[in-house]
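Trainee: In case you want the letters, here they are:
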Amino acid sequence: MIRSEILREIAPILRDHLVICNIGIPSQELHAIDDQPSNFYMLGTMGLASSIGLGLALAQPKPVIVIDGDGSVLTNLGTLPTIANNPADNYILMIIDNGSYGSTGDQPTYTSGKTSLAGMARAAGCDRVVECSGEETGPVLQEALDSGQMTVIVVRCDSGNAKMPVITLDPVVIRDRFMKAVRA
Amino acid sequence: MPPDLTIDQKIAGDLIANDVSFVTTVPCKQLAGVIAEIDRRPEIRHVPANKEDEGMGLCAGAWMGGQRAAIIMQNTALGVTLNTLATLIQFYRMPLPMLISYRGELREPVACQVEMALHTKALLAQLHIPTYHFHTQADAAELDTILKYSFMCNKPVAVLTDASFWGGYGDQ
Ligand SMILES: Cc1ncc(C[n+]2csc(CCOP(=O)(O)OP(=O)(O)O)c2C)c(N)n1
Ligand SMILES: [Mg+2]
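Residue numbers (the numbering used here), protein chains in the order written: chain A, 1 to 184; chain B, 1 to 172.
For the record, the hints were derived by calculation from the structure and aren't laboratory data. Misleading hints may appear alongside valid ones.
Claimed, not checked - Straight-line Cα separation of at most 25 Å, PhoX-like style, residue types lysine-lysine; simulated pairs:
hint	chain 1	residue 1	chain 2	residue 2
1	B	K148	A	K180
2	B	K10	B	K29
3	B	K121	B	K29
4	A	K62	A	K180
5	B	K121	B	K155
6	B	K10	A	K180
Quick caveat, the model's predicted, so the values are computed rather than measured.
All chains, please: the whole structure from these sequences, using the hints.
Mentor: Structure (structure tokens):
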């Protein structure tokens, strides 16, 4: 199962929540599958989805789902200790771990080798870390929401991208409608 | 500033007076006092970051969540934040007061610190980030206005605080 198939399956869950979505093809796919004002699309700044989501979760009470990537978490590894030590029970970090830099042509990341992001999240002190397959993502995500506890989900899936258009929304529009969804 | 207020108390007080309730930091020796003061203030949630660009991500999220946010950092980190400033803070038009220790200026005892000091103002100017240089403690009178300015125009602002501002390094 590839990222776009996972996003299509969990779109009915995502659409009711604040979502911070990773740079590149993940945001393009989510935007094409189910654009919502409650989606914050990252158009740049590789690595910071988890940090933006944590700040958002700490600042307000609604659940926040971050759709991140293995490459992006690896480039901002300092995020895991910060998440672990500043618990926000409305925070879900869902890492789509396709073992590659998907957006740039599926170059392998070290999670396709010896590195386990779930292990790193646990070592960082994250209490609730769940690993699952692409097929299991929907129920695992729903369970994390129902648990009311900060959860890191590492979805192990295949590398591959759906062909979707570039997002042409103005960033200030994305941000403004997102902030209205936060306040709604 | 009332004479009985330390500079650290004045800075924390201005942040609170401007509704800043979320602060992220990566320490500098010169910032130790203000960071400790922020930890004493229940009005401010302090989330230490491991890297300054990560901290800016936290601030962006907190601000979108309805809390005014600020970062406290050393100027040597400016380089690692350039992409974040351009593609997140400025591109999405977000406010971000940056209280920056300006290491490598006059009275600096560590030669290596001078290297990034040489680039600090040039990088900020290149990014068109409004920059204020606090050299004496009287300069801090403007902090309140600088904070208001950042939140008025939704832009990052840099406040560079040099060694003279902080009273040197003890023996220098
Ligand atoms: C600082 C920086 N370096 C590199 C890139 C190029 N880049 C954009 S997306 C991406 C891959 C991200 O990989 P991952 O987080 O695993 O997401 P995936 O596309 O695999 O879902 C890369 C390397 C970038 N945008 N910014
Ligand atoms: Mg990937």
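Trainee: Are the Cα atoms of K62 of chain A and K180 of chain A separated by 25 Å or less?
Mentor: Roughly 13 Å separates the two Cα atoms, so the pair holds.
Trainee: For the pair supplied as a hint, K10 of chain B and K29 of chain B, confirm whether the alpha-carbon distance does not exceed 25 Å.
Mentor: Given pair K10 of chain B, K29 of chain B holds - Cα atoms ~18 Å apart, limit 25 Å.
Trainee: Hinted pair, alpha-carbon criterion (25 Å max): K121 of chain B, K155 of chain B. Please report holds or violated.
Mentor: holds (17 Å)
Trainee: For a C-alpha distance cap of 25 Å, please report whether K10 of chain B and K180 of chain A respect it.
Mentor: With Cα atoms ~34 Å apart, K10 of chain B and K180 of chain A exceed 25 Å; violated.
Trainee: Please work out if K121 of chain B and K29 of chain B have their alpha carbons no farther apart than 25 Å.
Mentor: Holds - the C-alpha atoms of K29 of chain B and K121 of chain B are around 21 Å apart, at most 25 Å.
Trainee: Keeping to a limit of 25 Å between CA atoms, is the pair of K148 of chain B and K180 of chain A held or broken?
Mentor: Given pair K148 of chain B, K180 of chain A holds - Cα atoms ~22 Å apart, limit 25 Å.
Going through the hint list in order, the structure does not satisfy hint 6, though it satisfies all others.
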